[in-house]
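Throw the hints in and build the complete structure from the sequences for me.
With the first letter of the sequence shown counted as 1, position 13 gets the number 13 in the UniProt record's numbering; the numbers rise by one all the way through.
In short, the hints are calculated from the structure, not lab data. Because the structure is a prediction, the values reported are computed rather than measured. Even glycine gets a Cβ: it sits at the ideal position worked out from N, Cα and C. Just to be clear, a hint being listed does not mean it is correct.
[Stated by the list, open to error] With beta-carbon atoms standing in for the labels, derived distance ranges:
1. HIS12 to VAL188: 19 to 25 angstroms
2. THR213 to GLN145: 37 to 43 angstroms
3. MET1 to LYS184: 34 to 40 angstroms
4. ALA153 to MET1: 36 to 42 angstroms
5. THR213 to GLN64: 36 to 42 angstroms
6. GLU5 to THR171: 29 to 35 angstroms
7. GLN161 to ASP32: 29 to 35 angstroms
8. LEU3 to ASP126: 25 to 31 angstroms
9. MET1 to LEU96: 20 to 26 angstroms
10. GLN145 to PRO203: 19 to 25 angstroms
11. ALA153 to LYS99: 32 to 38 angstroms
12. LYS17 to LEU142: 24 to 30 angstroms
13. SER219 to HIS12: 34 to 40 angstroms
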Amino acid sequence: MALREITLRGTHGNNEKLAPSKLICIGRNYVDHIHELGNELPDDMVVFLKPNSAISHHLIAFSQEAIHYEAELCFLVKDGTFAAVGLGLDLTKRELQGKLKSKGLPWERAKAFDGSAVFSEFVCLDAQQSLMTLPWSFEFELEGQLLQRGDSALMLYSPQQILQSISEFMTLEDGDIVMTGTPKGVGVLQAGGLYQARLWQGPLDGEKINSQTPTLSVSWQAS
1 MALREITLRG
11 THGNNEKLAP
21 SKLICIGRNY
31 VDHIHELGNE
41 LPDDMVVFLK
51 PNSAISHHLI
61 AFSQEAIHYE
71 AELCFLVKDG
81 TFAAVGLGLD
91 LTKRELQGKL
101 KSKGLPWERA
111 KAFDGSAVFS
121 EFVCLDAQQS
131 LMTLPWSFEF
141 ELEGQLLQRG
151 DSALMLYSPQ
161 QILQSISEFM
171 TLEDGDIVMT
181 GTPKGVGVLQ
191 AGGLYQARLW
201 QGPLDGEKIN
211 SQTPTLSVSW
221 QAS
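As structure tokens, this is what we get:
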């Protein structure tokens, strides 16, 4: 079976298809989300993996149980650094995850199943953006109803820290994707619902909905 691919948006409309060897996911990276799920603040960065087979272009609302969404800021790796930015959904079997966690077992059955990672296109970072000194923010909504808002400035571990930490123990291949964690507001996907995510460079403005033109926007219909 061929490896599953994501799309890197070209500067002149020449999009490129890439097949990530793996997806590196950061858990518990927003304090509000940690409290939302009743978890403890981690002493160290929480890292887990999804395989290439987790990648899908279809948003599924049910697979043996109801699926929960977790919207995340994502980065694509090239030459050992973050070369492009996008948005992704870390889809989770929350009931199964709870059972696994209660027994001290790994999460893969609840987090790494086929179709558990859905992505937007990725947009190349320019020289200034690649420094990752400016915050990125995003919003995720269902048919106009705001569900989640994320801001890299609110992360426990910044994109720079995430890249450095992962690189200390794992080889990052060109095309790999790093999912940086989800803010509060996770919930159950609704079959038939039209979901939209938007990404901006810059911080959130309090609770005000961002009205600026986004760096990218993507929609998914859940089935």
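Worksheet item: For this structure, which hints from the list above don't hold up?
Response: 1, 2, 6, 7, 13
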